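Given chain A's structure and the hints, the job is docking chain B onto it.
Here's the letter readout for the chains.
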Amino acid sequence: MDNFEPRIVAFCCNWCSYAGADLAGTSRIQYSPNIRVIRVMCSGRVNPLFVLKALSIGADGVLILGCHPGDCHYLEGNYKTLRRIPLLKKMLKQLGIEEERVRLEWISASEGAKFAEVANNFTQTIKNLGPSSLGPFK
Amino acid sequence: MAKLKIALYWAASCGGCEIATLAIGDKILKLAEVADIVFWPVGMDFKYADVENMADKSVDVCLFNGAIRNEENEHMAKLLRAKSKIMIAYGSCAYEGCIPGLANFYNRQMIFDRAYIETPSTDNPEKIFPQTKVKVPEGELELPELYDTVKTLAQTVDVDYFIPGCPPEERTTWLALEALIEGKLPPKGTVISHSVKALCEECPRTREEKKVKKFYRPYEIIPDPEKCLLEQGFLCYGIATRGGCEALCPQANMPCTGCYGPVEGVVDQGAHFLSALSSIIDSNDPEEIQRIIDDIPDPAGTFYRYSLPDSLLRRARIK
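Chains as they are written, first to last, in the numbering used here: chain A, 824 to 961; chain B, 27 to 345.
No lab work stands behind these hints, which were simulated from the structure alone.
Note that the coordinates shown come from a computational prediction; the quantities given were computed from them, not determined experimentally.
Treat the hints with care, since some could be wrong.
Said to hold, decoys possible - Pairwise CB distance ranges (calculated):
| # | chain 1 | residue 1 | chain 2 | residue 2 | range |
| --- | --- | --- | --- | --- | --- |
| 1 | A | ASN943 | B | ILE45 | 56 to 64 Å |
| 2 | B | ILE247 | A | GLY893 | 28 to 36 Å |
| 3 | B | VAL68 | A | LYS916 | 38 to 46 Å |
| 4 | A | ASN826 | B | LYS73 | 53 to 61 Å |
Idealized CB from N, CA, C, for every residue including glycine.
Here chain A stands alone, though its shape is the one from the complex (with noise of 0.2 Å):
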């Protein structure tokens, strides 16, 4: 699996996350390419719905980006995640998906060497995972 190129989907709030994705562009800093983002109002929007579909349709793993607790656009979008994301992840353990394959990291307007750093951590995260084998179910 030394050629394993994972797909990663990165759910970036539009406020905090998906500008510090923009700071790590407009910085020139380099980082995994494997990630694919989408950009959404608040992280509070990612219903896990989208995440189990980002993952039967073939991700290797799903990001979800937000504002610090407390910085939030819309007071309280992010704990909302804070609150589903864990939730979300005992219930994909059930169903024989490793939790590592969904992570919640909170990522501000500033933090564009963060965003670069999560990538490439969650990016070598999902190459010792593997891939995830899903897809669509037949």
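Just chain B now, with coordinates in the frame of chain A:
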């Protein structure tokens, strides 16, 4: 007018749907005036060969209950689809997989090991498992093959309508039968129920604010009979379940378990319940949140109690 021809069949189901069909009470006489039953294994003596000998599309309506779990279920689903003009997935098993669908947390070998070896009441030192073919002095016997994965009816054949419920309530069954009798059928693919909205819409309990510090299982405390069950910390599935049953379980002081399936337009009922449920946890502290979540011992089995085969992931992955 020629009488309608109706076929009823059960695949992987418990038989509750058959009783639900009869629960329409004296309306069954009205049904008998306008319809002939041409096939109904649980109630009348027909053979599969009788169905095979029918002309294609000669049956007006097939009420098919039960999930598709083995070769026989699949064969009958395909056969009845060919013979029927309208195919109705009757009840949660045919519609979403329901309780038999929980087998999708395991695979066939695990189920066989459990049923034929591990259960305490089983004595099977020779480790005999069901075979699809067995030679006996009289000849060869065949059994249908059990599948690894339970499927819904719509994952097997084209389905025209869905009737939700485990089992469907009398009023829901009659709503569909009345539409059939009067020839006023809704568009293809409709889930026939009195409501397209969440069950909470018709639940008489009082709702205030949803903030939960601890989840309870029904045996742990006696619920207040007036207050919203979810607000009391019970995993009441009403917020993610289609209405139409008139909130029978909540009215009997039991939380809704979600048998009427998702509300209109929703894919994956379990994910929506997870989303709604976790948002009302009353804490912003990761450790406390984890403690509250620990009150839910089996999230996947609870959230997908009726819909695992119909969910996005459809089954657990077994390594």
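Each hint, compared with the structure:
Checking the proposed 56 to 64 Å range against ASN943 of chain A and ILE45 of chain B shows it holds: the Cβ atoms sit about 59 Å from each other. A beta carbon spacing of about 34 Å between ILE247 of chain B and GLY893 of chain A agrees with the range 28 to 36 Å that was offered as a hint. A hinted range of 38 to 46 Å for the beta carbons of VAL68 of chain B and LYS916 of chain A is consistent with their spacing of about 39 Å. Distance hint check for ASN826 of chain A and LYS73 of chain B: the Cβ-Cβ separation is about 58 Å, which falls inside the suggested range of 53 to 61 Å.
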